[in-house]
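Based on the sequences and whatever the hints tell you, model everything.
If you read the protein sequences in the order shown, they are chains R, A, W, D, F and Z. No gaps in the numbering here: position 206 of the first sequence is 206 in the numbering used here, and each next residue is one more. If you count the second sequence from 1, you need to add 330 to reach the numbering used here. If you count the third sequence from 1, you need to add 660 to reach the numbering used here. If you count the fourth sequence from 1, you need to add 990 to reach the numbering used here. If you count the fifth sequence from 1, you need to add 1320 to reach the numbering used here. If you count the sixth sequence from 1, you need to add 1650 to reach the numbering used here.
Any given hint could be a false lead.
As the list claims (entries may be wrong) - Which residues of chain W face chain D? A partial, calculated answer using Cβ under 7 Å:
hint: 1; residue: Leu707
hint: 2; residue: Ala708
hint: 3; residue: Asp709
hint: 4; residue: Tyr712
hint: 5; residue: Val799
hint: 6; residue: Gly801
hint: 7; residue: Pro803
hint: 8; residue: Pro805
hint: 9; residue: Gly842
hint: 10; residue: Leu848
hint: 11; residue: Tyr849
hint: 12; residue: Gly905
hint: 13; residue: Arg906
hint: 14; residue: Val909
hint: 15; residue: Gly912
hint: 16; residue: Tyr913
Stated by the list, open to error - Straight-line distance between alpha carbons at most 25 Å, and here's what the computed BS3-like set of lysine-lysine pairs gives:
hint: 17; chain 1: D; residue 1: Lys1304; chain 2: A; residue 2: Lys644
hint: 18; chain 1: R; residue 1: Lys146; chain 2: A; residue 2: Lys430
hint: 19; chain 1: Z; residue 1: Lys1796; chain 2: F; residue 2: Lys1420
hint: 20; chain 1: D; residue 1: Lys1090; chain 2: D; residue 2: Lys1149
hint: 21; chain 1: F; residue 1: Lys1479; chain 2: F; residue 2: Lys1420
hint: 22; chain 1: F; residue 1: Lys1420; chain 2: W; residue 2: Lys974
hint: 23; chain 1: A; residue 1: Lys485; chain 2: A; residue 2: Lys430
hint: 24; chain 1: W; residue 1: Lys819; chain 2: W; residue 2: Lys760
hint: 25; chain 1: D; residue 1: Lys1136; chain 2: W; residue 2: Lys760
hint: 26; chain 1: F; residue 1: Lys1634; chain 2: R; residue 2: Lys314
hint: 27; chain 1: R; residue 1: Lys314; chain 2: R; residue 2: Lys23
hint: 28; chain 1: R; residue 1: Lys100; chain 2: R; residue 2: Lys23
hint: 29; chain 1: Z; residue 1: Lys1750; chain 2: Z; residue 2: Lys1805
hint: 30; chain 1: Z; residue 1: Lys1750; chain 2: A; residue 2: Lys644
hint: 31; chain 1: D; residue 1: Lys1013; chain 2: D; residue 2: Lys1304
hint: 32; chain 1: A; residue 1: Lys353; chain 2: D; residue 2: Lys1304
hint: 33; chain 1: Z; residue 1: Lys1750; chain 2: Z; residue 2: Lys1809
hint: 34; chain 1: F; residue 1: Lys1479; chain 2: F; residue 2: Lys1466
If you are wondering where the hints come from, they were derived from the structure by calculation, not from laboratory data. Every value quoted in this text rests on a predicted model; they were computed, and no experiment measured them. Just so you know, even glycine gets a beta-carbon here, dropped at the ideal spot from N, CA and C.
Each chain is listed here by its residues.
Protein chains: 6
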Amino acid sequence: MPRQVLLFTGPWADVPLDVLAAKAGEWGYQGVELCCWGDHLEVQHGLADDGYAPAKLDLLARADLHVPVIANHKVGQAVCDPIDARHQSLVPDYVWGDGKPAGVRQRAAEEMAATFRLAEKLGAGVVSGFTGSPIWSYVAGYPAPKPDVIADALKQFAKAWNPILDTARDAGVRFAFEVHPGQIAFDLYSAEVALDALNGREEFGFTFDPSHLHWQGVDPVEFLRRFPDRIYHVHVKDAVLTLTGRSGVLTGYWPSGDPRRGFQFRSPGRGGIDWEAVLRGLNEIGYDGPLAVDWHDAGMDREFGAAEACQFVKRLDFDPPARSPQAFRG
Amino acid sequence: MPRQVLLFTGPWADVPLDVLAAKAGEWGYQGVELCCWGDHLEVQHGLADDGYAPAKLDLLARADLHVPVIANHKVGQAVCDPIDARHQSLVPDYVWGDGKPAGVRQRAAEEMAATFRLAEKLGAGVVSGFTGSPIWSYVAGYPAPKPDVIADALKQFAKAWNPILDTARDAGVRFAFEVHPGQIAFDLYSAEVALDALNGREEFGFTFDPSHLHWQGVDPVEFLRRFPDRIYHVHVKDAVLTLTGRSGVLTGYWPSGDPRRGFQFRSPGRGGIDWEAVLRGLNEIGYDGPLAVDWHDAGMDREFGAAEACQFVKRLDFDPPARSPQAFRG
Amino acid sequence: MPRQVLLFTGPWADVPLDVLAAKAGEWGYQGVELCCWGDHLEVQHGLADDGYAPAKLDLLARADLHVPVIANHKVGQAVCDPIDARHQSLVPDYVWGDGKPAGVRQRAAEEMAATFRLAEKLGAGVVSGFTGSPIWSYVAGYPAPKPDVIADALKQFAKAWNPILDTARDAGVRFAFEVHPGQIAFDLYSAEVALDALNGREEFGFTFDPSHLHWQGVDPVEFLRRFPDRIYHVHVKDAVLTLTGRSGVLTGYWPSGDPRRGFQFRSPGRGGIDWEAVLRGLNEIGYDGPLAVDWHDAGMDREFGAAEACQFVKRLDFDPPARSPQAFRG
Amino acid sequence: MPRQVLLFTGPWADVPLDVLAAKAGEWGYQGVELCCWGDHLEVQHGLADDGYAPAKLDLLARADLHVPVIANHKVGQAVCDPIDARHQSLVPDYVWGDGKPAGVRQRAAEEMAATFRLAEKLGAGVVSGFTGSPIWSYVAGYPAPKPDVIADALKQFAKAWNPILDTARDAGVRFAFEVHPGQIAFDLYSAEVALDALNGREEFGFTFDPSHLHWQGVDPVEFLRRFPDRIYHVHVKDAVLTLTGRSGVLTGYWPSGDPRRGFQFRSPGRGGIDWEAVLRGLNEIGYDGPLAVDWHDAGMDREFGAAEACQFVKRLDFDPPARSPQAFRG
Amino acid sequence: MPRQVLLFTGPWADVPLDVLAAKAGEWGYQGVELCCWGDHLEVQHGLADDGYAPAKLDLLARADLHVPVIANHKVGQAVCDPIDARHQSLVPDYVWGDGKPAGVRQRAAEEMAATFRLAEKLGAGVVSGFTGSPIWSYVAGYPAPKPDVIADALKQFAKAWNPILDTARDAGVRFAFEVHPGQIAFDLYSAEVALDALNGREEFGFTFDPSHLHWQGVDPVEFLRRFPDRIYHVHVKDAVLTLTGRSGVLTGYWPSGDPRRGFQFRSPGRGGIDWEAVLRGLNEIGYDGPLAVDWHDAGMDREFGAAEACQFVKRLDFDPPARSPQAFRG
Amino acid sequence: MPRQVLLFTGPWADVPLDVLAAKAGEWGYQGVELCCWGDHLEVQHGLADDGYAPAKLDLLARADLHVPVIANHKVGQAVCDPIDARHQSLVPDYVWGDGKPAGVRQRAAEEMAATFRLAEKLGAGVVSGFTGSPIWSYVAGYPAPKPDVIADALKQFAKAWNPILDTARDAGVRFAFEVHPGQIAFDLYSAEVALDALNGREEFGFTFDPSHLHWQGVDPVEFLRRFPDRIYHVHVKDAVLTLTGRSGVLTGYWPSGDPRRGFQFRSPGRGGIDWEAVLRGLNEIGYDGPLAVDWHDAGMDREFGAAEACQFVKRLDFDPPARSPQAFRG
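Spelled out as structure tokens, the structure:
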């Protein structure tokens, strides 16, 4: 039985949810990963008003869409980042407040906890999102951080997130942290370290998005094999290396589509990800959650792309045999 | 006539200069790129004491070593970085002072200007070094910076460095900024942008170190072809990609030699750099300055390595024909 | 006019033939390569009972399926292998008898001759199968065999198979020996040698299955170019190399799907075979026989896979131009 | 301090030991891995005659050669192989006896035990060699073995070798089993299994010869990382893949140098092994034993080759830094 | 809005235009690139008879086909080639005349001018075609031409083509010269030179056919980036390198499909062209003209192929986003 | 016993022979391939004056140089080329005469015959050189030649060269035609055809220069395997592909060293030729003639390069074993 195909609503925050839902249904999606920005989902509103969640579900149900996952990447980013001007545009005004870093981080943490409670009200078992990182700026550059700087940062991370994860546990909702540059974990080995910093607590797993691993040179399938029990959510997004001899990999800061970039995001199936291998990897580890299209492609009309992506994912997904090879996992 | 082979003294700051000089001479080096840390070169001391510079030159001359280039990467880093605790270990106490960021940056700028004056006293025509960067932490990660953030940072960079470069001009010394992660420029396109921010002033060019370009996926020879008139100094340092499917490229923060890293620095000739192409590239653009060995290899005894590196560079370097193909440069 | 697409029934021996036939018809197959194991085809029964063959053909015709090829790999394996316990499960009880090697081989040879006679009764022009090999265990390992050991083995092979091929000739049926590890020929050069050992007699040609060549590093198209007149049957089966640095190619003994294997079989189109080149190679040599799907994929539900494979093969196959490039064959 | 460079005497069994020793000394070797065939080393003679071992050591000392390792691959092969005619040429007459398999295996086991006692007399801490395998012929081919067949074979292997290893333990000598096609272990995963079958007993480790792993597609460095404490000896031998589209990897049975082979052995440094990576791998795991040249190259005069190989190995070997990266091993 | 898909009628000159038009319409084409040979389009007839052009357009309109481009490669070839016997079959008798080279070239030039006038009458804004070259035979071989020989040839080229391009300008029609071996420009750098020889006049641009660049090792996308404003027409044609170790790239003179060739033309999507990158490149430069299938594939039935090619191109073409990345072009 | 290392004197025609000879001796060369242009060797002078040849040999003997091969590429080019202005600079005035093509070709043929007679006087067993080609300009480009055009050209070639080869036979000297673009044969398959056109006569074989095959994509070792008995001479010259996405392979007409070229010639060992494989290929076929350095490298001082090349070739050459693998040649 194939997995549910969702649309991640983040890149469509400019489209009112009812309009987007109608389109998503037409394109063939079976659900959405609903994002807590724009009018798609408002955390405090949702908690304060008992009619809010049912109304959202109802609106989506009219297009036959489910909501197994909600997302709050933007606020999560502020939980343990050094706060600067950029964060003001990421978080609601009431989280930003006076913008003093310690306060912003504290209010962001409370908002994330609230997000898990809202998920429970929506019947969504998973919240996806970012963590931020106290030491992202040291990952590359000069001077390299001493090991104790890294160790301290991991403690900060755990201290900030453990209370949020306690709320998640109480709500019966899991956190699918998206392994992504800018976060406490961005590749296989940093994911090991982050999981250890939380003593491997069950509420914390990963949103697996192969595009971010691909351009770094990490094989997405190796990631799946390393964390077979911690894949709590999956993003379908493609990326292609466009190294021309002049462009390099540290070029994600140029605008999407700029030819000076050494990698680009692409509509699924049009980049360098080996989706056949990814899908088999998901089958091997027994992942049976949804596949959410996180659509980005600077060279394609987005509505054309979102529609073709849904079809692509449906073609991609196939049943493993009854006697699954995951028996060999060890 | 082959180029001079220098030893970059930075990684040997723990070795007293007279001891290092004797070894370097034995290993076959013809000069040093003398670094302003450890006891190798002290900026304020050198400017205050008229006997200091001649004494250093004399000490080195006893091992038949020249000093065509001096280096001050560590202080340069503080000129336009956001200052944090790591910078205290990079700069002299009198630059750090009370550690308040604006003051540290100001004093670092003054120290860099002083470094150019000291170069003049030593008869060195080039100072190599770093610039720092107000926006390094935004190069990768989340959220991506808006174009105006980048534009502002470039203005800050120019504002901080133009006065230093005025001093350089007055001293008749050029700045060979090392294109390197963590700096205002770290690849080909960011070097374009940085040069533009300074309106291409003549005092500002590059230390070309192919190792930092290689792991990013940038072809070092393309860099030479793009900036034929701005290569003011060259570092000989090798790097190898060690992508195993599990390691990625954003792993420079793990200790050297750690197998979780996706790239490693190597003794010249033992990594992935195509030195044949690099040398021909240098010949094509008519570079006739020194070649400085910046030796790093976590898997090799450093004295063994420094000796083999000197021989490697001498074998590498050959004469282009009288009628040089640089005629085709355009 | 496209070639017939067949289903090789071997991997479905657990499914009664009438059930399988109905499914195969629905999946789009035009015929079967009927295997002499399970209830699909019983050699002695078929020869003894004049109604048997017509009944089989009738059963298949109800699903619009033809039978241009029958297969007897398991008994063929015993014709010139050193017999051990594994062979008992390959052959019918009356072939195994007391299990003494010489007798088993003799009875296997008789059973193969009978298979050709049964093919004639079914109107099938080709029998596919294995040969076994007296020296397979020496192909790799230690110590390497002396040339005379190889020469002797080839004589044994010819002595065992020539009488069977005489029967084939008399029945007007050809033997399409599947080039496969474990057999007298398993790659291009061993196929040359085997053909020579039989003095190139016309009854003996090959079942071309590119998957077995691919993982050995042999280009399947070169095989077609080398033996343009000896391709008597074709298996469509894909394989993918999954070398991770830890797995090697001598890993076919691990279970299918086990990640320790360095290669895996795959549903056609999902592995590493260049089917475009294979199809053009078949067109170049003028092969106009059927294409039989030999379906194996440890990571996919087999019914889903068998259906998609049939569609894949139909899309793959196209008409060469009237003025065929096979004119250049020479 | 570089490692000792030895000559493996096996391929020179036709040269009297005194002649070979003189040549080896001239070529620059510092010792030999002395083989128990030809006149180089005779096990029973050496045990029976107390003067034998000192005389051998004396003969070698005259050419300044040490004997840290002795080898008995040929007899080891017979310990758990199915015995056939080929084994007669591998073992001494008194081991072959009447050639009945069970007896040959038993006497081969006793001869191996004797070899360990002779090593002790010679002051050699390591015996290198083969194990044979009850199931080598099932590694590739048809039909694949059932898991219980493999399990039984591993038990046979353990039963045959445990008594020999007891003798090794009592003699204070370790067994460096050469991972090699034809043996109980021939790649990384089969080495895991073999080690487990012996419950990881300390006397049993590996002779690491990267050439045999290379052509199978296994990365030799991954082998070192997997078994950092079990590398008891190292062979320096190169191999090159010569896949032309027509040749495959299962071609080791063609004579050396035959162009139908898909791989060839080569004089060290002239094949496809990444020796830089191998040497660093040995440094990482802290291997400080000898490096024995096992010279094979069908396209080169062997004396020319043995001399160049010795120089090659000496250039290859370099000191790791005092603070070794093996700290990261985990 | 996707681009028009045309069929280039050249390879179908043996098919009467009405028959071809009916087929093209059924295959899904929206127009044709009508070629001035066979009965498809006759230049002098078309200019002399005012009813000719409307009749052609009418004939095509019956199959819903447009004619935005006409082609005259064969006559263009004679404009500045050294004339030999091969040209007689390329041009109409009245152009060949007595075959004296100077006269043939002159009459070919007049015929090309006439072609532009006919285009105007047909309402086609573009003529595609070849130029010939006075120095094609010197591009490879011995001895290499001196620079002044090249310079003279470029002057000849300009002198011959400028008057024709004056006519094109007056007719309001552009010349889309096909960059192709045998012509004045055949790769990126020769296209630069040819454009310079005409002082970059606006009437002269390129028919971009990636197949001819691919086998030479030129990246088609780099060509688009170099000449973003000069792509006046596009051919969709695929090519595949078939280097086997024995075949080389200078093998275009063997017949199509001959296995001695090192490259072959292929039905679109079945060769080596990265169409995803080509399409994005066309989007980047804002090309909105038609895509003409120039169908050649020696291994496929041409009618089957022309039909699948039309579908392939339609699937290939997609809308770029409203905010196009061509903003980054510079 | 290693092969003789020669210097091909062609690129040094501006250096008087006595000066060049002294240098060549110092660089380590053991002989020269003496070229019939400049003052190195004058054909008519050498035939007319009985003292000429002994004087040349004497001059060379003073530097310990042998002359096993003489070369006349330039005149050979004119034997069956279409003659144009470029040929005037290739041939002596008395061959050019009035420059009418038929006469030039005739006189060039006579000069080549004379060259063979001069070789006999010098004791050189081989003349190397070019053939020219009536159809070189049709090898690539448009339109492709019809098969009968090729057949006619091959007849012309045979008609022109057979009388010269008769002279060669009578003089006991062989012609080592250099397979090279611009000649009747330039790759493996054209060499087959050319040899057939001469009915395989013994006087006609090849100068094997791997550099010209390499950039075409032809594996030089395959050439050796195809013509094991026809390698009459060897040139050691390296080439490197420098495809950047913008440069292609049809770029040999740009000046050496120009970065627009897609390939460059290089000092031996600094390009892309796999010399290890080439040398083994020469050993396999039993070639025991000289190895002549034909030195070209636009990026290196030629005297530096000629000296390093001689050392390179000496290191390259090694003895095959007594029992040579050429036994497998077939």
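Going down the list of hints, with the structure as the test:
no.	hint	verdict
1	Leu707	violated, 26 Å
2	Ala708	violated, 28 Å
3	Asp709	violated, 29 Å
4	Tyr712	violated, 27 Å
5	Val799	holds, 5 Å
6	Gly801	holds, 3 Å
7	Pro803	holds, 6 Å
8	Pro805	holds, 6 Å
9	Gly842	holds, 3 Å
10	Leu848	holds, 5 Å
11	Tyr849	holds, 4 Å
12	Gly905	holds, 4 Å
13	Arg906	holds, 5 Å
14	Val909	holds, 5 Å
15	Gly912	holds, 5 Å
16	Tyr913	holds, 5 Å
17	Lys1304/D with Lys644/A	holds, 21 Å
18	Lys146/R with Lys430/A	holds, 22 Å
19	Lys1796/Z with Lys1420/F	holds, 22 Å
20	Lys1090/D with Lys1149/D	holds, 19 Å
21	Lys1479/F with Lys1420/F	holds, 19 Å
22	Lys1420/F with Lys974/W	violated, 55 Å
23	Lys485/A with Lys430/A	holds, 21 Å
24	Lys819/W with Lys760/W	holds, 19 Å
25	Lys1136/D with Lys760/W	holds, 22 Å
26	Lys1634/F with Lys314/R	holds, 22 Å
27	Lys314/R with Lys23/R	holds, 17 Å
28	Lys100/R with Lys23/R	violated, 41 Å
29	Lys1750/Z with Lys1805/Z	holds, 22 Å
30	Lys1750/Z with Lys644/A	violated, 55 Å
31	Lys1013/D with Lys1304/D	holds, 17 Å
32	Lys353/A with Lys1304/D	holds, 23 Å
33	Lys1750/Z with Lys1809/Z	holds, 19 Å
34	Lys1479/F with Lys1466/F	holds, 21 Å
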